[in-house]
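A.B. asks: Listed below are the residues making up each chain.
There are 4 protein chains.
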Amino acid sequence: MLEDNYASRISSDNRIVYLNGKKVDLILEEPVFKGAINKIKSYYRLQEEKPEVHTAIDNNGLRYAISLMLPKSQEDLQKKRISYKEVSELSYGMLGRTPDFISSAIAIIASNSEILGTSEKANFSQNAINYYEFCKRKNIFVAHAAINPQIDRSKSIGEIDNKYSGVKVVRETDNGIIVSGAKMIVTLGAIADELLVFNMPGLRTGDEDFAVAFSLPVGAVGVKQICRKALNHTELSRFDHPIASAFDEIDTYLILEEVEVPWDRVLVYKDVGMSNAFYDKTNARNHTGHQGIVRGLTKAEIVTGTAIKLAKNMGLDKFPNVLEKLGAMTTSLELMKGAIHLCEYTAKVDDKGVYSPNFLTIQALRYHFPQWYQTMVQTIQSFAAGSMLAVPHKEDFNNHNASMLLEALNGPLIDAKERCVLLNLAWDLSGDGFGQRQQSYEFYHAGDPMRIAGMHYRDYNVEICNKLTDEIICDSLI
Amino acid sequence: MLEDNYASRISSDNRIVYLNGKKVDLILEEPVFKGAINKIKSYYRLQEEKPEVHTAIDNNGLRYAISLMLPKSQEDLQKKRISYKEVSELSYGMLGRTPDFISSAIAIIASNSEILGTSEKANFSQNAINYYEFCKRKNIFVAHAAINPQIDRSKSIGEIDNKYSGVKVVRETDNGIIVSGAKMIVTLGAIADELLVFNMPGLRTGDEDFAVAFSLPVGAVGVKQICRKALNHTELSRFDHPIASAFDEIDTYLILEEVEVPWDRVLVYKDVGMSNAFYDKTNARNHTGHQGIVRGLTKAEIVTGTAIKLAKNMGLDKFPNVLEKLGAMTTSLELMKGAIHLCEYTAKVDDKGVYSPNFLTIQALRYHFPQWYQTMVQTIQSFAAGSMLAVPHKEDFNNHNASMLLEALNGPLIDAKERCVLLNLAWDLSGDGFGQRQQSYEFYHAGDPMRIAGMHYRDYNVEICNKLTDEIICDSLI
Amino acid sequence: MLEDNYASRISSDNRIVYLNGKKVDLILEEPVFKGAINKIKSYYRLQEEKPEVHTAIDNNGLRYAISLMLPKSQEDLQKKRISYKEVSELSYGMLGRTPDFISSAIAIIASNSEILGTSEKANFSQNAINYYEFCKRKNIFVAHAAINPQIDRSKSIGEIDNKYSGVKVVRETDNGIIVSGAKMIVTLGAIADELLVFNMPGLRTGDEDFAVAFSLPVGAVGVKQICRKALNHTELSRFDHPIASAFDEIDTYLILEEVEVPWDRVLVYKDVGMSNAFYDKTNARNHTGHQGIVRGLTKAEIVTGTAIKLAKNMGLDKFPNVLEKLGAMTTSLELMKGAIHLCEYTAKVDDKGVYSPNFLTIQALRYHFPQWYQTMVQTIQSFAAGSMLAVPHKEDFNNHNASMLLEALNGPLIDAKERCVLLNLAWDLSGDGFGQRQQSYEFYHAGDPMRIAGMHYRDYNVEICNKLTDEIICDSLI
Amino acid sequence: MLEDNYASRISSDNRIVYLNGKKVDLILEEPVFKGAINKIKSYYRLQEEKPEVHTAIDNNGLRYAISLMLPKSQEDLQKKRISYKEVSELSYGMLGRTPDFISSAIAIIASNSEILGTSEKANFSQNAINYYEFCKRKNIFVAHAAINPQIDRSKSIGEIDNKYSGVKVVRETDNGIIVSGAKMIVTLGAIADELLVFNMPGLRTGDEDFAVAFSLPVGAVGVKQICRKALNHTELSRFDHPIASAFDEIDTYLILEEVEVPWDRVLVYKDVGMSNAFYDKTNARNHTGHQGIVRGLTKAEIVTGTAIKLAKNMGLDKFPNVLEKLGAMTTSLELMKGAIHLCEYTAKVDDKGVYSPNFLTIQALRYHFPQWYQTMVQTIQSFAAGSMLAVPHKEDFNNHNASMLLEALNGPLIDAKERCVLLNLAWDLSGDGFGQRQQSYEFYHAGDPMRIAGMHYRDYNVEICNKLTDEIICDSLI
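Chains as they are written, first to last, in my numbering: chain A, 2 to 479; chain Y, 2 to 479; chain L, 2 to 479; chain X, 2 to 479.
Don't read these hints as lab results, they were simulated from the structure. Warning: the hint list may mix true and false statements.
For identical chains, the list gives no copy identity; a pair is met inside one copy or between any two copies.
For lysine-lysine, the following DSSO-like pairs were computed, each having C-alpha atoms within a straight-line distance of at most 30 angstroms [claimed, not checked]:
hint : residue 1 : residue 2
1    : Lys468    : Lys80
2    : Lys282    : Lys313
3    : Lys338    : Lys86
4    : Lys86     : Lys468
Given the sequences, and given the hints that come with them, work out the whole structure.
C.D. replies: Here it is, written out as structure tokens:
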């Protein structure tokens, strides 16, 4: 039922989405979208199948998605983690922006909304609280649009001579603000209910017109989304592309053309400091980061499982260097679990009693994980090697060559078809555009790793490091 | 004219090729094959356009492809290198098995054919010489089928209980031998004239029935090729996939079912030692390796050029770490040139006066190059990052969104469309299945890098290393 | 007082220790040993200064070193960790084998001593318990001798034709067993009270005579230790070698010549299975591993602190690539903390209620940590670069060149002498034999990283990995 | 005789050299210097033993060191290379600054001296020519002093408020110029005849007073050198430190206090542009770079030889991963040879017919070589592992433990003493300060690798890269 509501919502709001240069009229029927829509449906289904895991009940008796819950203890954080994990397993960790991602942010932004303040025209703080309640009640899927198109990375957006360098206030009216411009990589935006539009920290003086944050329905007038080329292979079967034909996360290029955002949907307005504080000082990133590293673990697990199966079935698992590579994977999994645990254990409690996972632990993992993931992907490439590029098509098993192929590709440990599917899975994860987008996602979805590291050093408590060093130096001075 | 002859040959021989489970009836019309066929045509065209570079003339006045020339001096090796380089540029180094690859082997095998010997049934040595003359005269495109399917990597092929673990002699007749079995990754086999079937070194006692080498026409009775799934995007434009829609090298899975090979086409017959000597002791690999590293240079150059263009046009080329990455690429190019030069300069001359490039120099580069190439690909991924995943479809520039996109994606240094093509090229080379197959190719086409290194150590002259070490140790003993 | 007792014990037992080919007569006076002895003294002093942190009280009211405490809760594990951490800071993590290391093993071996069983001649199980009580009561420093000399790594010790390939039972008497042979890298053995002699797992059938474990006093008749060359610079000042002149951990080559071990000191006797179980099945390695990773954290902290001070004072900390390197260090510290935490949080409780830290978490860190540490050391090398090799000697500041050097080497952020000490510290940690031995220690003290990884894969629970993989494959089969 | 002249020169000029805070009175007797002095003596001896290799004859019949020869053909470059190689083998490539290093620069600077021009006070161009002739005639050993102390890397030397930030003109007189200041890492300066003082490119406007180049005798009034702490172990034997006790290259910190340099010794005077051109536009670095990479090859060879001997004698050379590591070393050697060859083959000829090796080839190798060398050193560490830290002292073989140790450390493939020396050599090359200084040297002696790469990209001909890229993009634009 929840899933039907969702399907009905996204198919009836006249949203404007372009795919391959054509407007998509029937969202639910578009083969490219079907896989992802099914995953979102299964996300809603989980809430009905396992309400004890995936929902919470508020003081008014309202049952709502647990991702929106404000954790009041470490146990609450663990509960959220368990839900994140099960949700991520629906897509093998390959959908980065399931509804729980931004929901976790919406909750904490509301909780810390006093930061947002008020103006003559709008009470931004109250708007955040109201939007939170709205999301709880409606159980909607909010995507986010935060990344400004990279026209010239050596300039701030206000300096770039291009009105699509971000989303910009054109003018204000009594009803609200009129915005125009663009955002890129709006993941799953084409099939979400709403968009949360904001900027990542980094705006500078002079960027005021771009310094906004607000929410709006995907179907609002003036909202247009242009999909990048699809990475799933809708024309091919699961046999041929076990995961890459199943779904694609669909990133869109978002265009806003004179879109009116009512005052009660505005969260930040022409305020560079507030725009920079929005995702950071509200602790939003602590909670999305928590979801993110839990999801990342699932992705690492399926890749590890695939490597193990390859090693076993291709006769490789007796070689010490192969075993080392598998151990490099399992040790990485364990260190991920350590970091997930630590970010909960050292969560910060605010004065409202809300727990936010330790962001510096999350960032520590985010710096190392992409490198581990890349090593994992390379391990799969080295195990499957040329064999990945010697797999017949599904239909070759349905014509008169079938019996010959069944015999020819049969191994002592795995039969011909399973061998083909396994090698195709290896290809999807390591060689196909699907798998490489997944790798790129891990490297860049949370920002440039070089900057993640630099910021980690800047913010990390290195008191003990300095103390030990100064002690030696002091003892050694003459 | 040469290209027409080629097209006419491959379209009229009733070859049996399966693609996506369906037999391809009109080879020339198949969209998946068209790109590669065009590249082979342009290879033949080069011989007519620049005969002084791409052909040689023999003592009988016959003009023939220079790849078949037996080099009698370092200058001859340089001439062949210049031709290899121009041929590789036709496909930006992305077609690994253009006709010049195996042709270079056919020549040297003929020259050293005394190794192959004779038997009662056949004069293998003379067969090799005749085949060489045949290739010169006919100017045909020979592909090779050398890799046995990896059913169980812990066993020798004779031990595997699967009659498709290689190509096997079933019986012999007065006319020739009857063979059955399979080979994998027969690159471009679907559009070649002939196949040279042999084994890479590594067969063991007990593998006698598989220990054969021979040539045969692709259209011979009983020959069947099953293509892997295509990696080019025939449904998409060059705009959307600048290189990945242009062509695919098409690897096939080759099945031989009771194929008769006449005695005069047999080169090795049930002889494990000879099978292992075929590619190695004839110096075949010295010449194919020479072509291979020259082609690899072109591939590295296009990838470097793409990285440079990205850095310049995305506003990245002021950052020292970006400059270092570009320098890592150009220094690698230079070291490649050093190795190419050295393998020619230290070429071995045999008693017939034929020069074979130094195989140990080639292998040295083959061990390092895949790692460099991977770094290059990762550099492209890091420069293009998320922007690669935010490119509209070609058709988005042909509908009413066009003018808006032209404005929105316009940069100070590059206009919207060129920017899109550049990012799409970056994706093709680094993220798309096309690009990853190219990376896998570099890692594995010449064998497992771990074994390449181990063999290099085994064969390398380390006398000076040992002398210096022994000298210190001797001076230090008490 | 505790420290005096220790000093008195090790200086009065007629131990036989050779250094630079000469027998050391006055252990306490030997300059090479002084630094390490002082560190062990400070270890004992800590117990008196902070008894609440470094000691526990047993049911009989006996106050004893907390490292010998059997943890009955996660809180107990945390208490032990806090003590380990403070102990490690005494030596900046550079003494790997402080007394708490093997003490943690002695406790758990006693607790799990039923594994050791009994024989006609001895009750091994009771011996372990008695030895534990003895250690508690005497507060002694036990070193261990476990590594067999690597004469030929391709053979088991029983196969090697050399009676010093391990420690071997020569014969037995009514009083005990007579052993001869050798062990290598007996760290701090020269200044310990006792030695725990055993084998790491890995003995094979045929190695029975070597399959022993026992304890004995360092001064026992027939025990001889030969030190490797010292790595501290006793002739130089702290100024010149801030840490490398302070102490050396002193590894010895241990020779036993017809040493009699009384039956009540024998723990394993000619039993390959039991010898292999001794360190593993008793959970000894879980507890020494816990101490080890906590100590490793301290080492990483001093190295990080040194890198930070270099970056700040050499004017480097504005460069993004320098900041990334510092962040690579702080993120590694945080992941270490995550692993330390997780190994406690997922500690296994046995049926006696004793908690043993999760060994697989410890091993996960042990596989990754050496690589991180090496990167840290390389970072210091890259920051200090040539400047490390341009530091005058301490005495240059005490002659007529002093004022000139004080001016010449003065920087805007750090004065000449502190700059010199800092660069000398950088050298000690990254360039000097002292620092490289520390790096080697991290790589090899817990076994070959390749084997650590392979064993981790073998023992790790990969159920969820396999489940996710099988699910995709199952969904994709036709 | 040549060697005696050298010894006599350096011992009779009243040079001022401090070691460990004390002035060295008898240069020839100082144990720290003896090893290096002997190597320089053997350099001179080579000229007498093999004049056909190590000397050339000029038009006036003067026989002079071949490093000073101006190569007029590729053959001449090869001759110089052969001499460089033999010279480098004297020290196993571990002395980076043997006389041939800067001599090769002195020759080409003279040849291109028109760049230096003239002023009212001095004819810089003629000075360079005269100095070249002087060096030829006197066969002296010139060291160089080029690196300014790194007080604050974020500033240019003129901005730093410290008069020792470089060597500075204090005033001029009729006789010459008066300079004061400092240079660091003047390698072998303590035992050279003369110093060539200059700046590496990189000075900026405002640095005029530091923009000088000149030569002067080491014994000139006001010249003072302060040695860094010695890295050779003069108190230990070759047995204990097979190479690290043999010699140390002795870097000094050079102080000039009001030193007068006669006008005929001045090469650059208060001219930032000329100072930056001095090492670069004269092609000096092409020739010193040529010597440097040839010497680097020798160093890589001794390290490879040591790794091979370890692998063989420790029973490791059957493991595939060990063989790969050895192959990684031999393939690197071969690529080095390729680069050496290419830089000669593509040498640039100037209008005087002088050949200068291709600097971009040299820099390409310089970027990759330090990484290879580091890998080689790590390979030795992994092969020797703990065993390096379990070697008795030489004197242990001279006391009553000798026979026992001879038996205990005897292996099936290598006897006890040779095993000890081999492991000690492994330690010297990979763990000792000696070996790590060698590694640092490779990383930094030619400048920061990050900058080497960036400059390589800036200067490299990437025309073909751009052409190929533009061709694809052009073909793909709509």
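A.B. asks: I want to check one pair: Lys282 and Lys313. Are their C-alpha atoms no more than 30 angstroms apart within a copy, between two copies, both, or neither?
C.D. replies: between (48 angstroms within a copy, 28 angstroms between copies)
A.B. asks: Is it within, between, both, or neither for Lys338 and Lys86, if the alpha carbons may be no more than 30 angstroms apart?
C.D. replies: Classified as both; 12 angstroms inside a copy, 22 angstroms across copies.
A.B. asks: Evaluate Lys86 and Lys468 at a C-alpha cut-off of 30 angstroms and name the case that applies: within, between, both or neither.
C.D. replies: between (39 angstroms within a copy, 14 angstroms between copies)
A.B. asks: Is it within, between, both or neither when you check Lys468 against Lys80 at 30 angstroms Cα-Cα?
C.D. replies: between (38 angstroms within a copy, 22 angstroms between copies)
Violated hints for the displayed structure: none, as all numbered hints are satisfied.
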